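Enquirer: So you can see what is in the structure, the chains are spelled out below.
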Amino acid sequence: MTVARSWRTRRQRYSLVGERCEYCHNAIFPPRDVCPHCAEPAQKEFALSGKGTIFSFTTVFDPPAGFERYAPYPVALVQLDEGPMVTAQLTDVVPEEISIGMPVEMVTRRLNEQGDEGLILYSYKFRPTLEPQAAIV
Amino acid sequence: MRSVYIAGYGQTPVGEQWQRSLRHLAHDAIMPAMQDAGIERADALYVGNMLSGELVGQEHLGALVADFVGLRGIEAIKVEAACGSGAAALRMGYIAVAGGIHDVVIVAGVEKMTDTVSKDTTAALAMAADQEYEAAEGVSFVALNAMLMRRYMHVYDVPHSAFGYFAVNAHQNAVGNPNAMFRRAISLDTYLKAPMICEPINLMDSSPICDGAAAVVLMSEHLVRSMNGGRRPVRIAGSAAGTDSLAIHDRRDPLWLEAAWISSQKAYQQAGITPADVDLFELHDAFTIMAALSLEASGFAERGQGVRLAQEGEITIEGRVPVATMGGLKARGHPVGATGVYQIVEAAQQVQGLAGPNQVHDVDIALVQNIGGSGATIVSHILIGE
Ligand SMILES: [Zn+2]
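Order-wise, the sequence lines are chains A and B.
Position in the first sequence (first residue = 1) + 5 = this note's numbering.
Position in the second sequence (first residue = 1) + 1 = this note's numbering.
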């Protein structure tokens with residue numbers, strides 16, 4: 006991915022900034038300026054919580070160029086709590102523990118590096134939702 | 002609108018064709034097609050291709066191929082719609098002839114995929130998906146299909162083994178197709194023991210990377226009547242294209258091929274038929290899951306029942322809805338941008354009774370469906386023998 010392209014999508018990749026349609030009120034991610042639900046203009050920013058569940062998943066063993074050194078890695082379609090679905094890698098989990106319906110949450114992780122002197126790309130990945138910690142007394 | 006006929010066709014064997022370049026492959030399909038149709042000249046050439054820029058470093062295929070096959074001067078344009086490029090090119094040819102703009106059009110599909118190493122081909126194929134929000138995360142095209150398959154198995158409670166009948170049927174039919182890549186039958190046991198490539202997709206769920214080219218000559222009615230040389234005229238009775246979002250995550254329902262529904266319904270309406278009238282269905286079995294989803298969205302099975310058609314033997318040459326009758330994408334091979342034209346050539350052979358050992362009994366009507374990406378472009382054509 007080029008520097009400009011990475012820069013343009015940084016708010017999506019770092020903080021899941023999408024849109025909320027002012028006409029039909031659906032949440033939209035990634036932002037697309039025209040609501041896919043009602044075809045009205047949609048430009049009101051809306052950041053998703055990053056909480057969701059796994060809709061489906063698999064593991065990539067034969068990766069596309071640029072991802073060779075990370076394979077194998079798990080990927081998923083994640084149904085976000087606000088409605089939109091997102092395609093992303095999973096992290097902090099062993100493949101045997103992944104299941105459909107599993108709650109996950111977004112984290113920011115390194116996606117890949119474009120050689121020794123190229124970009125280091127970061128993106129959203131999803132990990133199993135951490136249990137809330139008991140309050141320290 | 003004028004009636005459009007298939008006046009001739011040609012194809013190369015599908016496989017790893019290291020001895021032939023992209024332009025030579027196009028030549029090897031177009032010259033026999035022109036000879037078959039009895040023409041030396043055409044009004045236009047539409048070339049279906051997906052990856053020439055990425056894998057061969059060559060764009061601008063329209064003019065290149067026209068010049069290379071001795072047609073310098075004519076209108077010639079490349080048409081791209083990912084793995085649906087072949088049928089998209091055919092539809093452009095259909096529109097030109099049906100609309101009265103041209104009388105004779107050549108449609109060729111050509112792809113060269115084996116000059117490059119696996120990781121580059123894998124990255125190139127992922128361009129059929131949303132580059133910024135699917136491929137950018139390192140998700141391969143196979144992985145996208147694997148996630149659809151796993152979801153299908155989960156929602157409809159279907160075991161992986163049930164998909165095996167699609168692969169067994171495709172390989173069985175490829176035995177009788179001299180142009181197929183894998184001319185050997187497999188058993189269900191072979192399917193079950195095949196190495197996993199992207200769970201739950203195993204090697205036998207997946208179509209191969211390969212080279213190939215196919216071509217057809219389209220003609221308006223008044224010309225084909227006088228030139229067909231005694232063979233049964235094949236009319237394109239329906240032609241329609243539909244779209245859906247590029248990314249699976251943007252679909253209203255990832256397990257429903259909306260673009261297949263849209264294009265098949267339009268094509269049925271144009272031809273004045275229903276799915277019950279269809280004698281064979283050349284579907285886009287790039288992965289076994291796609292075969293199941295196509296059967297459902299094209300009106301042959303209820304949702305979640307597409308796999309059952311295969312299990313019950315209804316998709317074989319003797320079955321109620323024969324699919325992949327010449328081997329399909331799985332066993333004939335899937336040279337992506339050429340596939341849609343191979344499908345049309347094979348369906349035309351069936352309608353004319355020229356499919357040899359693979360001949361489906363009494364074929365009058367064939368549905369041919371070519372899919373771009375994971376379902377974002379789906380083009381449906383109906384061929385009727387007269
Ligand atoms: Zn809206």
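Please note that the accuracy of each hint is not assured.
Said to hold, decoys possible - Facing chain A, a subset of chain B residues (Cβ under 8 Å, in silico): (1) Ser4; (2) Ala127; (3) Arg151; (4) His250.
Quick caveat, the hints were computed from the structure, so don't treat them as lab data.
Just so we're clear, the structure is a prediction, and the values are computed from it rather than from any experiment.
Backbone N, C-alpha and C fix where the C-beta goes; we use that ideal spot for every residue, glycine too.
Enquirer: Hint by hint, say whether it matches the structure.
Expert: Verification of the supplied hints:
no.: 1; hint: Ser4; verdict: violated, 36 Å
no.: 2; hint: Ala127; verdict: holds, 5 Å
no.: 3; hint: Arg151; verdict: holds, 5 Å
no.: 4; hint: His250; verdict: holds, 4 Å
The structure fails to meet hint 1 from the earlier list, while all remaining hints are met.
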